[in-house]
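Novice: Spelled out from the first residue to the last, the chains are:
Number of protein chains: 2
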Amino acid sequence: MITSPSNPLVKELVRLRSRRHRDTEARFVVEGRRPLALAAAAGVTFEQQVICTDLGGEPVVDAPTVEMSEVAFRKASYRQNPEGVLAIARHLDTSLTKVSLPETPLVLVAESIEKPGNVGAMLRTADAGGVDAVVLTGEGTDIHNPNVVRASQGALFTVAVGTAAVEELTAWLSENGIRLLAAVPDGGSAPWQVDLTGPVALAIGAEDEGLSPALLDAAAGRITIPMLGRVDSLNASTAAAVLVYEAVRQRDSEPD
Amino acid sequence: MITSPSNPLVKELVRLRSRRHRDTEARFVVEGRRPLALAAAAGVTFEQQVICTDLGGEPVVDAPTVEMSEVAFRKASYRQNPEGVLAIARHLDTSLTKVSLPETPLVLVAESIEKPGNVGAMLRTADAGGVDAVVLTGEGTDIHNPNVVRASQGALFTVAVGTAAVEELTAWLSENGIRLLAAVPDGGSAPWQVDLTGPVALAIGAEDEGLSPALLDAAAGRITIPMLGRVDSLNASTAAAVLVYEAVRQRDSEPD
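Chains A and B, in that order, give the protein sequences.
Following our numbering, the numbering of the first sequence begins with -11 at its first residue and continues without gaps.
Following our numbering, the numbering of the second sequence begins with -11 at its first residue and continues without gaps.
Keep in mind the hints are simulated off the structure, nothing from the lab.
Computed from a predicted structure; not experimentally measured.
Glycine residues also receive a C-beta, built at the ideal position from the N, C-alpha and C atoms.
Mixed in with the good hints, there may be bad ones.
Said to hold, decoys possible - Below, a sample of chain B positions facing chain A; criterion: calculated Cβ distance under 10 Å:
#1 Glu46
#2 Asp50
#3 Thr53
#4 Gly117
#5 Gly118
#6 Ser140
#7 Ala202
#8 Met215
#9 Asp220
#10 Leu222
#11 Ala227
#12 Val236
#13 Arg237
When you get a sec, could you build the whole thing from the sequences and use the hints?
Specialist: This is the structure we're talking about:
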């Protein structure tokens, strides 16, 4: 039973909030019953589980488990209302070669999305919309960021996630016969004027910067979500939701 | 020139972050060039403008203006990267009688959405999708919350916003011949199987609680966004985006 907030494991859990430390250790933290259960179902490797029975926690994954006092657990936890269970996992393998695709894949490409909360929200939308793979490219968030893990509510483990440089991504898309469609702020076709029933990848950039010239050049088509108001930009995760669900709509109307 | 962070105006700006104080004073803070310009264009009444030239600020709205030092402004500001201009505005009038509707209105109803960031995101989506009015009902956020103002990026001023109890809302909808459609987690029709080209109100509840029995009873139909994954719920503002843009799609295909 770990009772002290200055225990080395507590300190290690706090240090794993830093990207540099995560990258060095190749480990990250998953917290909460449902995300842990989804991660375990996805075959994620856990090295250490921590529970706090005073917070109602009990073991969820198969890993060496220690108990912490409420004070120590709250210090280690990244949540305001912790459920009393978290675990240290090995980094996910996000190489594109690990991603297996169905016959008519729907892929979401997120380029240089800085805010981890947006990446998490995009993963959640990808899960809901049955997206076959989410590929992160460009600068920005790493998927093991605690805010990505939290905001995705476990979708990080239910959706195939890849990370790749733009050249590798575009090569992978053509090898797999997937049309790349770029979301652009203006000049593209409305989402419902583009056929999304075939193998497609929907690429979304950051609100301010948009997509890189390299991705735009590689795209077979451009999509613009009509903006009928005056504020002028949609949040990247909102744009992803509109495009993904337009694909769901079109595919739902297709004969099987 | 106000230089001290303990100046009464700085203190008042900080106090206006509290709902109780806002409600007592019937005043709130709008910050940033674009939101202020949109608010001014919408006829919002400003009582006091504050600029910080060291942060690049200059007057945006027509109101008595004082200058602050950077230290004082940063204390008063709600932003991490302030643009050097903010102003105190009188509370918006959100009575439904103030909302004027076009012939075939598209209304978004948000019930008991707790997170101000979600309310702000819904306003931004409503602006983008050409929603004619957003009505907030039930418990939850007040629209003058600084996080609503910030997350809406000014959409709080470009979209007609009403607040009303459920009974008042449903009476207003029937008076205006608007069909209420309730978003529910399951058992409803897919959004694209429901005709959204007429006068409709799309009602969305909180992720965990959903819509109240009173709103569900008043609804003429139920819509369920298909969930093809395993995480099981969409963020309320994501759900709003999917539904609003399905209405935009259907209306775009209509002859004028």
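Novice: All the hints need checking, so say for each whether the structure fits it.
Specialist: Here's how the hints hold up against the structure:
1. Annotation: Glu46 (chain B) was flagged as interfacial toward chain A, and the flag is violated, the nearest CB pair being 21 Å apart, outside 10 Å.
2. Given hint, Asp50 (chain B) at the interface with chain A, is violated; its Cβ is 20 Å from that chain's nearest Cβ, farther than 10 Å.
3. The beta carbon of Thr53 (chain B) is not positioned within 10 Å of any beta carbon in chain A (closest approach about 25 Å), and the interface hint is therefore violated.
4. This hint holds: Gly117 (chain B) has a C-beta 6 Å from the nearest C-beta of chain A, less than the 10 Å allowed.
5. Given the 10 Å rule on beta carbons, the hint for Gly118 (chain B) holds: about 3 Å separates it from the nearest Cβ of chain A.
6. Annotation: Ser140 (chain B) was flagged as interfacial toward chain A, and the flag holds, the nearest CB pair being 8 Å apart, inside 10 Å.
7. Violation of the interface hint for Ala202 (chain B) is found here, the shortest Cβ-Cβ separation to chain A being roughly 27 Å, above the 10 Å cut-off.
8. Hint status for Met215 (chain B) relative to chain A: holds, with the closest Cβ pair at about 5 Å, below 10 Å.
9. Given hint, Asp220 (chain B) at the interface with chain A, holds; its Cβ is 8 Å from that chain's nearest Cβ, closer than 10 Å.
10. Interface restraint check: Leu222 (chain B) against chain A, minimum CB-CB distance 5 Å, threshold 10 Å, status holds.
11. Annotation: interface hint on Ala227 (chain B) holds; nearest CB of chain A at approximately 8 Å, less than 10 Å.
12. With 10 Å as the threshold, the beta carbon of Val236 (chain B) comes within range of chain A, its nearest partner Cβ sitting at about 6 Å, so the hint holds.
13. This hint holds: Arg237 (chain B) has a C-beta 5 Å from the nearest C-beta of chain A, less than the 10 Å allowed.
The structure is inconsistent with the numbered hints 1, 2, 3 and 7, although it conforms to all the rest.
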